[in-house]
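Novice: Sequence:
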Amino acid sequence: MNKKGISLVCTGALLLGLAPQVGQAADSVSIDDVTVGGAQATLHYQGAKAGDWYHIVMGDQYVRGNLSADDVTKGALTLSLPRAAASGDTVHVQMAGTGNHFVAAKTKAKAQTGDAQQKGVLTAAYPAEVKPGSTVKPRITVNKADVSGDVIYSYSGPIVAGSFVNGGFTVASDAPEGSVINVSLMYGDRTVNKSLVVRKNPSQNTPGESQTGDFNLAQTRAQKGQELLTDISLKKTDQRAKSLGVAVIRKENAGAKVSASVVDPAGFLASGKGKLKFKADQDGTVDLELRAFDTAGQVLERYPFQIMVGPSSMAANQVRMTIGLKSLVIGNDQKEMDTAPFIQDNRTFVPLRALAEAFGAKVEYDDANQGIRIQMDGKDLLMTIGKKTFTINGVQKQMDVAPYLTASGRTIVPVRFAAEGLGFKVDTTADAQGLTTDVIFTKA
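With mature numbering (1 follows the signal peptide of the UniProt record, and there is no 0) applied, the sequence shown covers -25 to -1, 1 to 419.
A portion of the hints provided could be inaccurate.
Said to hold, decoys possible - For lysine to aspartate or glutamate, the following DMTMM-like pairs were computed, each having C-alpha atoms within a straight-line distance of at most 25 Å: (1) Lys226 <-> Asp258; (2) Lys250 <-> Asp308; (3) Lys310 <-> Asp375.
Keep in mind that the hints were calculated from the coordinates and are not lab data.
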């Protein structure tokens, strides 16, 4: 029997293999019952396979392992808890099938000394873009001053099987252009989440923090052949930053000549306010990145942004999202998002709330049931994280891929759902290789 006063939360597979979370539903494995007593727990399960992992969490402590063939035959597993269960404890039990791309590794944290020592530090520097077949070696900083235990790493996305070790890995040679690799690091109650976009020609293969929301431009539209001088602001930057640079990441018109620079970089770093010069000789969208460098020339932080050159081709009832870019364009305005659209398994995925609210929809979340309600133009849409079924004004419909949460808690949906569920017309643009670069939504 369950020990009196102990709460049990049983969940299934982690979606897309992000950092361990509670409440993610799945249909691959069902846990019928968990019996907790003292320092042991017994799991009864169905549909599991040898090699499937289990995860039991009590506060900030955990037990993790994989099922053996004998465990599967018995349909039950008795294991030691992180500590003796006591009245009032909540024990979270998670289990995943082999179809879920979740691999975890642990490494002992190394304490810093001297001026660099801070309590509870956890940072990870990854490149914003990676090339198929390349090896990624992040810079990870950990300080154990007020936290004990190991760093736990997890990932999702196209990497070479078995190459994921302590946050480093090799990108799959056949990784699709625009696909995303997500890496999560957990240390005590601290979590760092990173997203790396796969590009055949990455901007720079140097670790650097990719930021969004902290860098702002007063103007995001320029005219062909005319210099744009616009106010810029930066809420924060790494204190080690000694210089700045602006890199051109992608041009809609591949033959365009583009120049961009920060006026008085030192003054901008000191005050967080300054001006940006930009000029292009052809119409089209230009994706850029403001980069902060240390004294050795290493990239510390990256701030992606976009400038549109020429007259607006976007109507007031249109929204454009660019693969891998954390901003959207609605009419003539550009707005920041905290999650970029991406391509995975030949499907394009977009952040739901940012898209819906750009068109004036009301979005509500039911955290307890992981439900989402969207109201717009007389439509009342209800959907649930992890489920393919949804309703519009009470009529049940089906998605081909269930919506899921990112590690930062944002709901992601396939583009097809935006067309069928929200009633938008969806168009795409492609580069010279025929790969999708932009998604344009038009509201009828």
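Novice: Against this structure, judge whether each hint is valid.
Specialist: Checked hints:
The straight-line distance between the Cα atoms of Lys226 and Asp258 is roughly 10 Å, inside the 25 Å bound, and the hint therefore holds. Pair hint Lys250 plus Asp308 holds up; C-alpha atoms about 19 Å apart against a cutoff of 25 Å. This hinted pair does not check out: Lys310 and Asp375 have alpha carbons roughly 29 Å apart, beyond 25 Å.
Hint 3 from the earlier list is the only one contradicted by this structure; the remaining hints agree with it.
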